[in-house]
Every structure is written in C-alpha cells, then in structure tokens.
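Turn these sequences into a full structure, and let the hints steer you where they fit.
Protein chains in written order, with the numbering used here: chain G, 7 to 331; chain D, 7 to 331; chain A, 7 to 331; chain H, 7 to 331.
Misleading hints may appear alongside valid ones.
Identical copies go unnamed one by one, so any copy, or any two together, can satisfy a pair.
What the hints assert, rightly or not - The calculated DSBU-like cross-link candidates involving lysine-lysine, where the alpha carbons are at most 30 angstroms apart (straight line), are:
{"no.": "1", "residue 1": "K220", "residue 2": "K94"}
{"no.": "2", "residue 1": "K117", "residue 2": "K94"}
{"no.": "3", "residue 1": "K222", "residue 2": "K48"}
The hints are simulated quantities; they were obtained by calculation from the structure and are not laboratory data.
There are 4 protein chains.
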Amino acid sequence: MAKEVQTIGVLTSGGDAPGMNAAIRAVVRQAIARGKKVKGIKRGYAGLLQEEIIDMDAHSVSEIIQRGGTILQTARCLEFIEPEVQKKAADICKKHGIDGLVVIGGDGSFKGAQKLAALGINTIGLPGTIDLDIACTEYTIGFDTAVNTAMEAIDKVRDTSTSHERCSIIEVMGRGAGYIALWCGIANGAEDVLLPERYDYDEQALVNHIIEGKKKGKQHHIIINAEGIGHSASMAKRIEAATGIETRATILGHMQRGGSPTCKDRVYASTMGALAVDLLCKGASNRVVGYRHGEFVDFDIDEALAMTKGIDEYQFEICNTLCNS
Amino acid sequence: MAKEVQTIGVLTSGGDAPGMNAAIRAVVRQAIARGKKVKGIKRGYAGLLQEEIIDMDAHSVSEIIQRGGTILQTARCLEFIEPEVQKKAADICKKHGIDGLVVIGGDGSFKGAQKLAALGINTIGLPGTIDLDIACTEYTIGFDTAVNTAMEAIDKVRDTSTSHERCSIIEVMGRGAGYIALWCGIANGAEDVLLPERYDYDEQALVNHIIEGKKKGKQHHIIINAEGIGHSASMAKRIEAATGIETRATILGHMQRGGSPTCKDRVYASTMGALAVDLLCKGASNRVVGYRHGEFVDFDIDEALAMTKGIDEYQFEICNTLCNS
Amino acid sequence: MAKEVQTIGVLTSGGDAPGMNAAIRAVVRQAIARGKKVKGIKRGYAGLLQEEIIDMDAHSVSEIIQRGGTILQTARCLEFIEPEVQKKAADICKKHGIDGLVVIGGDGSFKGAQKLAALGINTIGLPGTIDLDIACTEYTIGFDTAVNTAMEAIDKVRDTSTSHERCSIIEVMGRGAGYIALWCGIANGAEDVLLPERYDYDEQALVNHIIEGKKKGKQHHIIINAEGIGHSASMAKRIEAATGIETRATILGHMQRGGSPTCKDRVYASTMGALAVDLLCKGASNRVVGYRHGEFVDFDIDEALAMTKGIDEYQFEICNTLCNS
Amino acid sequence: MAKEVQTIGVLTSGGDAPGMNAAIRAVVRQAIARGKKVKGIKRGYAGLLQEEIIDMDAHSVSEIIQRGGTILQTARCLEFIEPEVQKKAADICKKHGIDGLVVIGGDGSFKGAQKLAALGINTIGLPGTIDLDIACTEYTIGFDTAVNTAMEAIDKVRDTSTSHERCSIIEVMGRGAGYIALWCGIANGAEDVLLPERYDYDEQALVNHIIEGKKKGKQHHIIINAEGIGHSASMAKRIEAATGIETRATILGHMQRGGSPTCKDRVYASTMGALAVDLLCKGASNRVVGYRHGEFVDFDIDEALAMTKGIDEYQFEICNTLCNS
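Here's what the structure looks like:
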C-alpha cells in the first residue's frame with residue numbers, strides 16, 4: 007500500500023538545463039507547504055554516494071528561479087549501473103531519512119530512480135534536458151530557453167552572413183535529437199537543416215542548393231547542423247571549395263546550456279516540481295512527470311523509458327517550404 | 007462541394023502581436039508553394055474596405071520573421087458589424103479575385119471572417135493576441151513573446167524593489183484574461199497576483215500580507231496586477247498609507263505588444279500560417295486554427311466562438327504556495 | 007599628513023543603479039589584495055546610524071558582478087543633514103574601526119561623505135546614478151545599462167506604434183537631466199524629445215509636427231519625454247484630441263533601475279571601485295572618482311559639487327535632424 | 007582651397023560591425039539636411055569598381071538604425087592596393103558625380119580613402135570594427151555591441167561551468183587586439199585572460215592556477231582567450247589531461263559581429279556619421295573621425311595610421327586582482 011513520505015530529497019543529474027533551479031525551488035517550497043522535510047543532494051548520484059546532503063528550507067531557494075544552471079550542481083556517475091552501488095545509495099537515503107526522492111535529469115537519470123524505487127525509496131523523475139529527447143513528454147525543462155538562446159545567436163550570425171553574402175554553417179546541440187535544429191530551422195529561416203532523425207547527408211545536394219540560391223539572388227545561405235551530423239568546420243571548407251562561396255562554421259556550444267530561463271521554462275518547471283511532491287505525498291513511486299496532449303501527467307518509469315518519439319513531419323516539411331519557396 | 011481557392015488574401019486585425027509577421031510569411035510562402043496567388047490587405051478590415059490591397063511574392067516577406075508588429079498593419083473597424091459593410095467587403099474580395107482569406111486576430115476578427123464565409127469567401131482564422139484569451143486554443147500568436155517581455159521587465163523591477171525594500175505593483179496586459187499575470191506571478195515569484203478571473207479584490211488582505219511578509223524578513227513584495235483590476239497608481243498610494251512601506255506602481259503598457267518574437271511564437275505562427283493555406287487548398291471555410299491537446303487542429307468558427315476556458319486551478323494554487331511557503 | 011587606512015567601509019546610497027554590485031565587489035577584492043579589512047554598511051547612511059555593519063571577505067561578493075540592484079541595499083536618510091547626526095555616524099565608524107569609507111551614490115551622498123571627511127573619516131565617493139547627472143564625470147555607474155533598457159523597451163513600443171500608426175509618448179527617467187531621453191531620442195529615431203535642459207514645451211508645435219509627419223507618410227510618431235516634463239498620460243489625451251491621431255503614453259518607470267549591468271557598467275564600476283581603494287591606500291580623503299576626457303580621475307568633493315554640465319548641443323541638434331530630414 | 011562637395015557617397019568596407027547602419031543612416035540624413043545628394047556604394051571598394059552605386063534618400067534608411075550588419079554590404083578588395091585600380095575607382099566616383107566619400111571600416115579601408123583623396127575625391131573615414139583596434143580613437147563602431155554579446159554568452163557558459171564544476175576556455179574575437187578579451191575578463195570575472203598584447207602563454211602557470219583555484223573551493227575556472235592565441239580546443243584537451251578537471255572550449259565566433267546595436271553604438275555611430283558629412287561640407291578631405299579624450303575629433307588619415315595604442319595597464323592588473331584575491 008502507498009506510504010506517505012516524510013522527507014523528500016532532490017537532486018539534479020546529467021547535463022544541466024535552465025529551469026532546473028525553478029524545479030528545485032518548487033520541490034522545496036511545495037514540500038514545506040505539505041509539511042515535509044527537504045534535503046538537497048549535491049552533484050547528482052555521485053554526490054549521493056559521497057553523502058553530500060544538505061538541509062533545505064524555504065530560504066535556501068530564494069532568488070534562484072531566474073538563475074541558469076543548478077544550485078545543487080550535477081555530475082555524471084557511471085558506476086551507478088552497478089547493483090551494489092545502487093544498494094549503497096538506497097542505504098544512504100535511508101540513513102538520512104530520505105524516503106522520497108525527486109530526480110531531475112534525462113533517461114539515464116530515470117534508470118537510477120527506477121533502481122532506487124525497487125530498493126524502497128519512492129522516486130519521481132522530472133524531465134530536465136535541453137535536447138527534448140525524452141519520449142514520454144512534449145516538454146523538457148530547459149529546451150525552451152536553449153532554443154531561444156540558439157535562435158538569438160543565429161539571428162546575429164545571419165546579420166553578418168547577409169552583410170558578407172556568406173554561407174554559414176551553425177552547429178546547435180542535440181546529439182541524438184534534432185529538435186533544437188528543427189525549431190531554429192523554422193525560426194531563423196534556414197535554407198537547410200541537418201537532423202540526426204533524417205540522416206541522409208548528401209553534400210552534393212547541399213552544394214547544388216547553395217549555388218542555386220545564389221543564382222536566385224539569395225544574400226546568404228544558413229545551414230543548421232545538429233551536433234551529431236559530421237564536423238562543421240571541415241564541412242565548411244569542403245563547401246567553400248565546391249561552391250566558391252565564402253563559408254564559415256559557428257559552433258554554438260555550451261552557451262546553449264546556460265542563461266536565465268524563459269517564462270515557459272520557469273512556469274512548467276515550477277509546476278512539475280510541485281507535482282512531483284504531490285505525487286510523493288500520495289505515495290507514488292517509480293513515476294516520471296511529463297507534459298502530454300496539453301496536460302501534466304505521470305508515467306511509470308519503465309513505460310516511459312520504452313516509449314519513442316520522432317520529429318514532427320509537417321514541421322520538417324514547412325521548414326523547407328517556407329524558406330525556399 | 008469544397009472548391010479550391012486560387013488567390014489567397016491575408017490580413018491582420020485587432021491589436022498586433024509578435025509573431026504575426028511569421029504567420030504572414032508562412033501564408034505567403036506556403037501559398038506560393040501550393041501554386042496560389044497571394045494578396046496582402048493592409049490595415050485589417052478597414053483597409054479591405056478602402057481596397058488597400060497589394061500583390062505579394064516570396065520576396066515581400068523576406069527578413070520579417072524576426073520582426074515584431076505586422077508589416078500589413080492593423081486597425082479597428084467598428085462598422086464591420088453592419089451587414090451592408092460586410093457585403094461590400096465580400097464584393098471587394100471578389101473584384102480582386104480573392105476567393106480565400108486568412109484573418110489573423112482575435113474573436114472579434116473571427117466574427118468578421120464568419121460573415122465573409124457566409125458571403126462566399128472561404129475564410130480561415132488564426133489566433134493572434136498576446137492575451138491568450140481565445141477559448142478554442144491553448145496557444146495564441148504573441149503570448150509567449152509578451153509574457154517573456156513582461157517577465158524580463160519584472161525581473162528588473164524586482165532588483166530595485168529588493169535594493170530599496172519596497173512593495174511594487176506591476177500592471178501587465180490582459181483586460182479580460184489573467185494569463186500574462188498568472189505566468190509572471192509564477193515566473194517572477196510574486197507575492198500576490200490579481201486576476202480578472204478571480205476578482206475578489208480584498209485590499210485589507212493585501213495589506214496584511216505585506217505587513218506579515220515584512221515581519222518574516224521579506225526584502226520586497228511584488229504584486230502583479232492584470233490590467234482590468236483597478237488603478238495601480240492609486241492602489242500604490244493607499245497601500246503605502248496603510249502599511250507604511252514605500253510602494254510604487256509600474257504599468258508595463260504597450261512594450262508588451264512589440265519585440266522580436268520568441269522561438270515558439272515564430273515556429274507556431276509559421277505552422278499555423280502554413281496550415282491555414284493547406285486548409286484553404288482543401289476547400290475549407292469558416293474555420294479557425296487552434297493548438298489543443300498538443301496538436302494543431304481546426305474548428306468551425308461558430309463552435310470556436312461558443313467555447314470558454316478558464317485559468318488553470320493548479321497553477322493558480324502553486325503561484326501562491328511557491329512564493330509564500 | 008596622509009594616513010593610510012586599515013579598514014575600509016563601503017555603502018550604497020540614494021537610488022540604486024546597475025553596476026553598484028560590480029563596484030562593491032571591486033572595493034572588497036581590491037581592499038583584500040591591498041591587505042585591508044572590509045566592512046559592508048547596509049541601507050546607506052540610515053543603516054550606518056543603525057550600525058548595520060557586516061564583515062566582508064572575497065567570497066561575500068562572489069557571483070554578484072552580473073546582478074542588478076545592490077546587495078548592500080540602499081535608503082534615503084534625510085536626517086543626515088544634521089551636524090549631530092553626522093557626528094554620530096563618524097563615531098560609529100570609529101567604533102567599528104572604519105577609517106576609510108567608499109560611498110557609492112549621487113551628489114547628495116557625496117555631501118554626506120564630505121561631512122564625514124571633515125570629521126576624520128577618509129572618504130571617497132563613486133558616482134552611482136542612472137541619470138548621469140553628476141557634473142564632474144562623463145560616466146556614472148548605471149547609466150549605460152539604464153539607457154539600453156529604455157532603448158530596448160522603446161524599440162518594442164515602436165513596433166506596435168508602427169503597426170497601429172499611432173503616436174506614442176514614452177516617459178523615461180531623468181527628473182533633472184535629459185541624458186536618457188536624448189540618447190534614446192537618437193538611438194530610437196524619435197520624432198521629438200522633451201528635455202528638462204531645453205524646457206520650451208510648446209504643445210502646439212508638437213501637434214503641428216505630428217500632423218505634418220502624417221502628411222509625409224510617417225507610420226508613427228515617437229515622443230520621448232524626460233520624467234520632469236509634464237504628465238505623459240494627459241499630454242497623450244490632449245494630443246489625440248488635437249490631432250485626431252491615436253496617441254498612447256507609456257511610462258517606463260522603475261524597470262530602468264534594474265537588470266544585469268552592461269559590459270561597460272561592469273568594467274567601469276569595477277575600475278572605479280578598485281581606484282577608490284587605491285586612493286584610500288594613498289591617504290586620500292574627500293575625493294570623488296570621475297571619468298573625464300577619457301581617463302579615470304579624482305576631484306575634491308567640494309570642487310566636484312560646484313561643477314555644472316549640460317547636454318551636448320551637437321547631439322541635441324542631430325537628434326532632430328536625423329529623424330526629421 | 008577647400009571645395010564644398012555636392013554629392014556624397016558612402017560605403018562600408020572590411021568586416022561588418024553593429025552600428026554601421028546607424029552611421030549610414032546618419033550620413034544620408036545629415037547630407038540631405040545639408041542640401042547634398044547621397045549615393046550608396048554596395049560591397050565596399052569591390053562594389054565601387056563594379057559601379058554598384060544606388061541613389062539614396064531619407065526613406066532608404068528608414069528602420070535600419072536598430073539592425074545589425076550593413077545594408078550596403080561589405081567585401082574585401084585585395085586588388086585595391088594597385089595604383090591603376092585606385093585610379094579607376096576615382097574615375098568611377100567622378101563619373102557618378104561623387105565628390106565626397108565616407109568610408110566606414112578599419113585601417114585597411116582608410117588606406118583606400120587616403121589614395122582616393124590624393125586622386126581628388128574628398129574622403130572621410132569612420133572607424134568601424136568590433137575589435138577596437140584603431141589607434142587614433144577610443145571608440146570604434148561595433149565594439150560596444152560585440153563586447154556585450156560576448157559577455158552575455160560567457161555569462162551563460164559560466165552558469166553551466168559552475169553546475170558541472172568545469173574549466174571553460176572561451177575564445178572571443180580580436181586577432182591582434184585583446185580589448186574584447188580584457189573587457190570580458192573583467193565583466194565576467196574570468197580567472198585568466200590571454201591577450202595578444204601580453205603574449206607570454208605559459209600553459210604550466212595556467213594549469214597550476216586551475217589546480218590552486220580548485221583547492222580554494224572555486225566551482226569553475228573561466229579562461230578567456232583572444233582569437234590570436236593558440237587553438238582553444240587542443241588547449242582544452244591538454245589542460246584537462248594535466249589537471250584532471252573537465253575542460254571545454256567554446257569559440258564564440260561570428261555571432262559577435264551581428265545583433266541589434268547597443269545604445270552607445272547607435273548614438274556614437276550616428277554622431278560620427280553626421281560629423282563626417284559636416285566635415286565634407288567644410289571641404290575637409292583625407293580625415294578620419296575619432297573619439298578621443300571625451301570628444302569627437304578628426305585626424306589626418308596619414309597621422310591616424312601612424313598612431314599606436316595599447317591595452318590599459320591598470321585594467322589588465324585589476325582584471326586579475328578582482329577575480330583572484
């Protein structure tokens with residue numbers, strides 16, 4: 007039967023994402039409002055194993071909703087796949103009285119939460135990743151901020167590409183998922199978008215497209231390249247050689263992970279954080295919170311990890327049509 | 007039987023909103039890709055009646071996706087409720103060969119589209135308003151940009167409120183709908199949010215809340231006030247008199263209507279613009295495009311206008327809990 | 007003979023300004039590097055009288071350079087004009103071992119520093135005000151950020167003014183000094199700028215200018231109004247009545263005081279903070295740091311307070327020419 | 007004796023910079039106000055040789071002051087060092103009636119202006135480069151915007167560096183001049199700044215500094231690397247290997263060249279553009295406009311090109327002190 011938790015731990019794991027602080031704040035404040043204690047675990051699972059555990063109160067999370075990064079910090083923890091390590095982590099939770107745990111991270115982090123749930127710690131996962139690559143949810147904490155950061159940077163690159171009539175290759179984050187690339191493709195009016203989901207990298211087609219655009223009087227040619235697809239700098243050299251048109255690569259890199267979160271990221275991360283606490287208060291465990299079909303919902307972690315999703319076909323199509331018609 | 011249109015007109019009507027240019031661009035480019043002609047109608051229905059109609063091609067909408075406002079401009083047209091005026095407008099459309107029309111605006115603008123549809127012009131409405139106050143859709147063009155503009159401004163007011171330990175009343179747009187106020191309430195960590203949907207304005211409760219916060223050591227007290235609720239400047243004077251705490255009002259005003267659109271506004275407005283054209287190509291008329299339950303869908307305008315929606319109860323609750331626990 | 011100070015106090019006084027935190031950080035870190043102790047005084051002179059004095063170390067000012075407002079907070083202190091109050095303040099400084107004091111604020115704050123200097127506390131003033139209204143310096147901490155905040159807001163208002171073909175009156179800060187208004191006038195391409203330094207408010211001339219612009223096909227008319235000049239909302243009503251053109255007022259208000267400081271404000275405030283410490287280390291007192299003729303310099307406070315400056319004639323002239331030619 | 011020009015040409019040359027559009031607008035509008043004709047020359051000297059010359063009126067420069075890039079576009083023109091090419095360019099100017107020419111660019115562009123002046127075209131140079139590497143002036147068009155763009159990006163990288171406790175190497179523009187690096191060093195609180203002016207690259211010292219910072223509890227280590235100094239990505243690998251601390255490189259690249267100009271860039275570029283016209287109206291030639299010792303002034307191009315300047319010693323010193331004390 008569902009037990010109600012008394013002390014809620016919270017950690018951030020994997021790559022950081024803007025809005026994680028809003029989620030931490032919501033977990034802490036909602037837990038206090040529900041009469042629970044809250045403990046912050048620093049540096050993700052790695053910190054848990056080191057017992058880097060701090061007491062948190064309402065004031066611990068003052069003035070953080072607008073800040074990028076995560077005040078709890080984060081780290082990778084490869085050894086967490088070992089059953090004895092998981093057991094040790096569960097024991098540490100119990101030692102510190104943590105009977106409920108909110109894990110903010112991606113699929114890898116949810117696997118850890120799954121194991122801890124099996125070991126008697128009630129766990130709830132919150133989807134935190136700028137890549138939007140979590141199948142059970144249409145929203146992940148940080149994507150909205152990251153995609154706006156990328157878009158604003160590309161707007162700037164576009165200014166100078168137009169002045170110099172250059173071809174620009176802009177590499178955005180998203181090793182296995184092209185959402186940032188696709189959204190920027192539409193939002194920045196990019197002539198070409200290269201996505202991991204549509205890996206049919208045909209450099210000759212790109213070259214032809216650039217030459218054809220030049221003939222039609224285009225003053226620039228923007229190619230948005232998701233992280234996973236080849237090496238932007240050497241691509242730029244080859245394209246310049248083949249087209250005779252000056253071509254430059256820009257790799258946006260880690261700036262996409264930081265910055266003050268957008269309104270959507272603050273509001274949705276806050277809602278998810280509060281929901282995670284309310285789920286723990288109802289005795290739920292081994293669940294992940296998602297946003298689907300216009301609603302905040304929760305899934306069994308096992309089911310969530312088995313889901314898949316792809317990019318939107320219609321948006322992929324119009325990305326091309328609206329720029330090149 | 008559904009007829010396929012040959013020439014698509016597009017106009018913006020009512021208050022402008024960031025992302026309208028992205029929608030116009032999408033209508034024009036998608037129409038060209040589908041082999042249609044496109045005509046831009048300036049200044050909304052008022053301009054239609056004056057035959058302010060221009061030919062548009064792919065180049066007409068270059069470099070506008072990132073710009074605020076609407077290149078077609080907009081205007082109110084009170085006389086459009088008169089049947090003979092509607093008849094005249096339909097005749098002008100026919101004279102110019104416009105057999106399909108995309109109307110970007112709010113409920114009032116859709117009523118005009120409804121009338122024109124009855125008079126034989128195939129019409130599609132797109133929801134364009136920063137207030138999010140269109141019942142059939144969870145997304146309206148411009149809301150995401152406006153709410154980020156408001157949030158960023160309030161972040162700044164909060165800095166100085168904290169330095170001076172002031173109470174600040176910040177009035178945001180939304181005469182009949184408190185979405186901007188509620189989202190900013192959560193995103194800016196406001197102590198109080200006054201919404202038209204929850205009109206129970208109890209100034210004594212506010213005063214007590216401010217005094218109590220001061221006792222608990224709060225360094226500021228932020229009140230977000232939706233446009234419709236009373237007069238912010240006189241409220242500030244009364245509150246300062248009652249609490250003895252310096253209180254200032256800021257009215258964000260028209261800056262919330264402008265600015266370069268966010269990524270979401272660019273992407274969703276582009277998608278909706280393309281969809282409107284595809285609906286016209288299928289012979290649809292008297293429809294409005296919405297985003298609901300995670301999908302872009304379309305509704306009969308009559309049904310859309312009959313729908314109602316309210317603010318999210320859970321978000322209203324956590325807005326209070328997360329700030330004041 | 008000049009004495010070298012041992013313990014440096016720092017306070018912010020008057021209205022807050024972005025960059026004050028950068029200056030505080032520089033005072034603290036430079037003092038530590040020079041082997042001094044540092045004490046922070048909260049809430050300006052009012053807090054000094056209440057002995058709100060805290061020890062500061064290098065870590066106290068971590069992660070503040072990018073934050074608006076002032077971590078030391080600020081307050082007005084009208085009673086500081088009384089000699090016995092000044093005496094008490096000097097005694098409190100001595101009691102806490104503060105023999106050097108950095109005062110960040112405007113002319114009023116420097117007067118307090120002058121009195122404390124006469125009472126044996128070595129004082130250095132740093133010009134902190136968004137209004138740029140300190141005669142001895144071409145730069146004041148916060149102006150660069152404030153003028154960019156105002157400009158960006160006006161860019162947004164302009165978008166919607168153009169869409170609606172409106173006249174917009176935008177009130178910016180600067181009760182006694184029109185620098186923000188003049189810079190925005192040039193930077194936003196305003197049709198009219200109303201400055202306290204040029205008070206010849208001729209409403210009929212404005213009305214004529216608006217009507218004439220409309221005839222020439224102008225799609226908007228932007229009037230930037232410095233705080234001191236009349237009441238923007240009633241001006242808007244009168245102008246709308248006289249011109250028949252929709253006219254709206256926006257009062258930017260306190261948002262101009264907040265926000266993350268610009269690069270210039272961070273760099274110059276840091277430099278001034280370090281300089282203030284170096285001056286105290288040389289035994290200087292009753293000085294104010296300024297930026298003049300391209301250099302950081304320091305003046306006797308008495309001389310500084312006697313200086314006057316006006317707006318740049320050439321810039322006032324081109325503000326008009328570039329918009330209206 | 008000085009002749010007064012009748013028709014003023016304007017071109018942008020070399021790398022583009024935000025604010026160039028403000029300068030072009032000012033040249034055009036001031037010239038019209040002075041009763042002159044204006045011609046725009048596209049693509050710099052290359053376009054001049056191709057006679058890419060357009061008539062410009064007040065309306066040609068509407069709505070450009072807030073836009074990045076240059077509406078006249080720009081290009082390199084290596085062949086312009088040939089005397090016969092210079093002669094051809096002067097002949098083209100004369101053919102089109104251009105007797106005065108404003109050249110917006112860097113030192114290389116001024117050399118072209120010098121040659122044209124000798125061939126009878128009155129020329130004025132305006133300093134346009136984000137690198138601030140023009141010796142005769144303390145201000146160049148674009149630097150203020152570029153340094154804010156870089157700073158904001160580095161603020162974001164810092165968020166994620168702190169979350170992950172990483173070392174970050176951030177490469178900013180400035181091949182031969184470290185101003186962007188130095189300003190960001192101070193403004194972002196970077197632990198190390200590598201400047202071309204101070205080329206004493208000692209990787210072991212860096213490594214020691216990083217290790218020492220870690221021991222003192224620093225949560226990140228930011229290294230700002232001016233473009234000219236070595237290869238950031240391989241530096242990151244070596245540092246990670248030597249310190250055992252995760253180290254990532256970010257190359258900000260061309261985004262630093264674009265974006266809407268800051269208030270200072272709009273105001274100063276406007277002033278310089280107007281001044282250039284007023285100089286031509288007085289019969290001046292072979293001059294470059296600068297900002298020095300707090301004033302807009304003009305120099306003989308020959309003298310300007312012979313000047314040198316270096317980075318500010320005091321700022322270089324405090325950059326280190328304020329971060330590491």
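To see whether the hints hold, each was checked on the structure:
Within a single copy, K220 and K94 get their C-alpha atoms only as close as 62 angstroms, which misses the 30 angstroms cut-off; across copies the closest is 28 angstroms, which meets it. Taking the shortest Cα distances, K117 and K94 sit within 30 angstroms of each other inside one copy (16 angstroms), while across copies they are farther apart (64 angstroms). Taking the closest pair of Cα atoms, K222 and K48 come within 30 angstroms of each other only across two copies (18 angstroms); inside a single copy the shortest separation is 56 angstroms, beyond that limit.
Checked against the numbered hints above, the structure breaks none of them.
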